[in-house]
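**Q** Which chain is which? The protein sequence lines are A and B, in order.
Every letter in the first sequence is one number past the one before it in the working numbering, and letter 237, counting from 1, is 237.
Every letter in the second sequence is one number past the one before it in the working numbering, and letter 386, counting from 1, is 656.
Among these hints, one or two may not hold up.
To be verified - Derived DEER-like restraints, expressed as beta-carbon distance ranges: (1) A:Tyr52 to B:Gly294: 28 to 34 Å; (2) B:Gly294 to A:Lys9: 37 to 43 Å; (3) B:Glu417 to A:Lys9: 19 to 25 Å; (4) A:Ser92 to B:Pro640: 22 to 28 Å; (5) B:Glu565 to A:Asp18: 29 to 35 Å.
Stated by the list, open to error - Straight-line distance between alpha carbons at most 27 Å, and here's what the computed DSSO-like set of lysine-lysine pairs gives: (6) A:Lys252 to A:Lys126; (7) A:Lys252 to B:Lys642; (8) A:Lys126 to B:Lys688; (9) A:Lys9 to B:Lys688.
What the hints assert, rightly or not - Pulled a few chain B residues facing chain A out of the computed Cβ check, cut under 7 Å: (10) Val587; (11) Asn591; (12) Glu610; (13) Leu614; (14) Ile615; (15) Pro616; (16) Asp617; (17) Gln618; (18) Glu619; (19) Ser621; (20) Gly676; (21) Glu677; (22) Pro680.
Read the hints as simulated data drawn from the structure, not as lab findings.
Fair warning: this is a prediction, and the values are worked out from it, not measured in the lab.
Even for Gly, the Cβ is constructed at its ideal location relative to N, Cα and C.
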Amino acid sequence: MGRYILCGKEAELPYEVDELDIRIYTIEELCYYIYNYLPLVGDDFIDERLLYFIRNELDMGEIADKIERFYSSRSEQDATLQMLLSDVGYFSDAELQEFQNRLVYRRRKSSQERIKAKADSLMKLKRYQSAVRCYKSLANSNADTRVSREFYYEVLESLSGAYGHLCEFDYALDCLLGIYDMNHSERILKKAYDVCILSGTELPDAYFSKVPDTVLQKWQQDYWNRETVARQNLDGDETLQIFLKDPDTQKKALAEYLDGRKEACRGMLE
Amino acid sequence: MEEGLIIGFDLCKDFCRISYFVSGQEEPADLVFSEEENPYVIQNSICRKKGEDVWLIGQEAYETALLGGGSIVDKLLRLVSRRGFATFEGVQYSAEELLFHFLQETLEFLFKEKKTRKVLEIMYSVQELDTTVLDAVIRSTRRLGIERSRIHIISHTESYLYYVLSQKRELWSNISVLYDLSGDGLNYYELEVLRGMQPNVARASRTFLEEGFSLEILDSAAGRKMADNIMTGCVDRMLKKKLVSSAYLSGRGMDSCQKWGENFLRVLCQRRKVFFIENLFAKGAVYAACEYLRETSVYPFSIMCEGRIDVDISMEVTQGNNQRVLNLASVGNNWYETKEDFDLIPDQETSIRMKVKRLGERTPIMIDVPLKELPARPQKVTRVNVALSFLSEKMFTVTVTDKGFGEFFPGSDVQVRKTFTIGNGN
Numbered sequence: 001m002g003r004y005i006l007c008g009k010e011a012e013l014p015y016e017v018d019e020l021d022i023r024i025y026t027i028e029e030l031c032y033y034i035y036n037y038l039p040l041v042g043d044d045f046i047d048e049r050l051l052y053f054i055r056n057e058l059d060m061g062e063i064a065d066k067i068e069r070f071y072s073s074r075s076e077q078d079a080t081l082q083m084l085l086s087d088v089g090y091f092s093d094a095e096l097q098e099f100q101n102r103l104v105y106r107r108r109k110s111s112q113e114r115i116k117a118k119a120d121s122l123m124k125l126k127r128y129q130s131a132v133r134c135y136k137s138l139a140n141s142n143a144d145t146r147v148s149r150e151f152y153y154e155v156l157e158s159l160s161g162a163y164g165h166l167c168e169f170d171y172a173l174d175c176l177l178g179i180y181d182m183n184h185s186e187r188i189l190k191k192a193y194d195v196c197i198l199s200g201t202e203l204p205d206a207y208f209s210k211v212p213d214t215v216l217q218k219w220q221q222d223y224w225n226r227e228t229v230a231r232q233n234l235d236g237d238e239t240l241q242i243f244l245k246d247p248d249t250q251k252k253a254l255a256e257y258l259d260g261r262k263e264a265c266r267g268m269l270e
Numbered sequence: 271m272e273e274g275l276i277i278g279f280d281l282c283k284d285f286c287r288i289s290y291f292v293s294g295q296e297e298p299a300d301l302v303f304s305e306e307e308n309p310y311v312i313q314n315s316i317c318r319k320k321g322e323d324v325w326l327i328g329q330e331a332y333e334t335a336l337l338g339g340g341s342i343v344d345k346l347l348r349l350v351s352r353r354g355f356a357t358f359e360g361v362q363y364s365a366e367e368l369l370f371h372f373l374q375e376t377l378e379f380l381f382k383e384k385k386t387r388k389v390l391e392i393m394y395s396v397q398e399l400d401t402t403v404l405d406a407v408i409r410s411t412r413r414l415g416i417e418r419s420r421i422h423i424i425s426h427t428e429s430y431l432y433y434v435l436s437q438k439r440e441l442w443s444n445i446s447v448l449y450d451l452s453g454d455g456l457n458y459y460e461l462e463v464l465r466g467m468q469p470n471v472a473r474a475s476r477t478f479l480e481e482g483f484s485l486e487i488l489d490s491a492a493g494r495k496m497a498d499n500i501m502t503g504c505v506d507r508m509l510k511k512k513l514v515s516s517a518y519l520s521g522r523g524m525d526s527c528q529k530w531g532e533n534f535l536r537v538l539c540q541r542r543k544v545f546f547i548e549n550l551f552a553k554g555a556v557y558a559a560c561e562y563l564r565e566t567s568v569y570p571f572s573i574m575c576e577g578r579i580d581v582d583i584s585m586e587v588t589q590g591n592n593q594r595v596l597n598l599a600s601v602g603n604n605w606y607e608t609k610e611d612f613d614l615i616p617d618q619e620t621s622i623r624m625k626v627k628r629l630g631e632r633t634p635i636m637i638d639v640p641l642k643e644l645p646a647r648p649q650k651v652t653r654v655n656v657a658l659s660f661l662s663e664k665m666f667t668v669t670v671t672d673k674g675f676g677e678f679f680p681g682s683d684v685q686v687r688k689t690f691t692i693g694n695g696n
């Protein structure tokens, strides 16, 4: 059965979510963010800034007080988030149950795994610079013996992927070769080969001299095949589509595309 | 009560009158504009003095124009209604600009007289609720520095209703009637309190009488005789079978009715109390304005009259975890001031659905404003602004504007507007 959710006040000064580079203006948007981007919600999400936003910008002093009381007495962020979502009434009971399950699942993970999940989400959102930061923080703390080495291989592999998206091929290659140094995985070496071909970098002798020519030829053929498929797929690429539009729409679409790119570049400089 | 003026402003097509109330007074007082024949009336005319930035109104405007001291515009409200213009010394002024100067100069009389400029409430009383005029009056009054929340407008019918209900109960225990004879014609007003409803309903109506006559005929003996016959006939025909507690007379034609309406008054005064009230509509407007300063109404009625709506409009919404009914308009609300504006997020709904229930009807009807023209998005990420306003007592408009969902799903500003006519079953 349908319903109409009566909305509360819109904030004049929004709550900024750095991870998404997005501004939140209403309590419903805040709930939507928590529910849909849970991996991005860090352990320090409930803070003075959030409470100020809810209390002063959204005029929801009662909810802000409740969060403050609840959080200070239990220090359980997950339970507090659940209470917030339940009180606002934006989500149905079924959705709240599903959210609770995800919280339970999240709670079972170690802090490193949670950071990786956050970085993976950022990758999906094409926030590569922020993802690099998260992956690097994990890679730099590899002394933690509670997490398996395979976990760190995954982190480094993802980090190389993020660098690749940022066209930082040297760093991407370093990550892959670093993994190879530890696990001697042929799959990783093949990935390093791909990076070299893609960036036009000479194959480092120390790693590739021992690889038989037949294998290298097979990898090259495989690379070309994938490149051909990728080029074909470009026909549906949004960037190319811009140039197929009529002049007026094209101008607007180009401006939007460039704004997006500029935003990404600014992110890289942060 | 806070110190300041409560103003009742009877704004007719050709003239206006002002009554006011200050704390300490028991009855509203009438503002005297001049020592002329009718001191309480000022013509809706304005003149800009030649070579000076001075605006003159009423009789003074006519005199100045007659002596060549400036150009004049009369029948100002008609000009405002047509969104017209007037040119003084090569400068074109909009009718609304002239209205602003007219209201400014008119209220200046009162401010000077009472030595205060503080307005607690100002209530305009107009015969026709023409939105062009009403909007212009409100904007002009705001330019005078009066807050919007202190500016109100009602119909003459409603002014009359408030005036009568502010009198002793015995004067409205049965029907109360009013004959208003002015340059605009003859209007008949009737007030009745319908008991047995919760709350009781005070219903007033206005009828324009075709028998009305030009006031100029009162200048001749034959004309006066004819006027007497016409009015006697009206009273005889209209009130014969009615139980009337009180009858009121107002308007420029009635101020001399003792001279021309001997028979008329004799018939009217049979078993009824009859009053001639100067500034009846302005006084009624003052009584109505006082309501805005009270926490609880002194009139325990639902009010039904010209300018008031006879429907309840509501919709069911979710707020937090609670279901509640959002009242958008209620029986007795002034249509001009009934405006609602709020934001909703439809959840598994393809239209905005409202419940409309007319007074006296048992079953409400449901009305829908479809949302199919809005951009397609996942569920619950479309916030819409819903604005409801009335175009008249019988027509209202619902406008739904797409606001998107913050920066997650930017709004398109697409609007869907639907107008409904009350009583047409839609």
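**Q** Against this structure, judge whether each hint is valid.
**A** Going down the list of hints, with the structure as the test:
The hinted range of 28 to 34 Å is not satisfied by tyrosine 52 of chain A and glycine 294 of chain B, whose Cβ atoms lie roughly 48 Å apart. A C-beta distance of roughly 41 Å is found between glycine 294 of chain B and lysine 9 of chain A, which places it inside the suggested range of 37 to 43 Å. Checking the proposed 19 to 25 Å range against glutamate 417 of chain B and lysine 9 of chain A shows it holds: the Cβ atoms sit about 22 Å from each other. Between serine 92 of chain A and proline 640 of chain B, the C-beta spacing of about 24 Å keeps the proposed range 22 to 28 Å intact.
At roughly 48 Å, the beta-carbon separation of glutamate 565 of chain B and aspartate 18 of chain A lies outside the given 29 to 35 Å, and the hint is violated. Taking the CA atoms of lysine 252 of chain A and lysine 126 of chain A, the gap is about 22 Å. The hint holds against a cut of 27 Å. Our distance criterion of 27 Å between C-alpha atoms is met by lysine 252 of chain A and lysine 642 of chain B, whose separation comes to about 26 Å. Restraint check for lysine 126 of chain A and lysine 688 of chain B: not satisfied, since their Cα atoms lie roughly 42 Å apart, outside the 27 Å limit.
Pair hint lysine 9 of chain A plus lysine 688 of chain B holds up; C-alpha atoms about 26 Å apart against a cutoff of 27 Å. Residue-level restraint check for valine 587 of chain B holds (minimum Cβ-Cβ distance to chain A is 4 Å; threshold 7 Å). Given the 7 Å rule on beta carbons, the hint for asparagine 591 of chain B holds: about 5 Å separates it from the nearest Cβ of chain A. With a least beta-carbon distance of about 12 Å to chain A, the hint placing glutamate 610 of chain B at the interface is violated under the 7 Å criterion.
Because the closest C-beta pair between leucine 614 of chain B and chain A is about 5 Å apart, less than 7 Å, the hint holds. With a cut of 7 Å, the hint placing isoleucine 615 of chain B at the interface with chain A holds, because the nearest CB-to-CB distance is about 4 Å. Because the closest C-beta pair between proline 616 of chain B and chain A is about 6 Å apart, less than 7 Å, the hint holds. With 7 Å as the threshold, the beta carbon of aspartate 617 of chain B comes within range of chain A, its nearest partner Cβ sitting at about 5 Å, so the hint holds.
Interface restraint check: glutamine 618 of chain B against chain A, minimum CB-CB distance 4 Å, threshold 7 Å, status holds. Restraint check, glutamate 619 of chain B versus chain A: the minimum CB separation of about 4 Å is within 7 Å; hint holds. Nearest Cβ of chain A to the Cβ of serine 621 of chain B: about 9 Å, over the 7 Å cut. The hint is violated. For the restraint placing glycine 676 of chain B at the interface with chain A, the shortest Cβ-Cβ distance is roughly 4 Å, inside the 7 Å limit, so the hint holds.
With its C-beta approaching chain A no nearer than about 5 Å, glutamate 677 of chain B sits inside the 7 Å limit, and its interface hint holds. Hint on proline 680 of chain B is violated. Least Cβ distance to chain A is approximately 11 Å, over the 7 Å limit.
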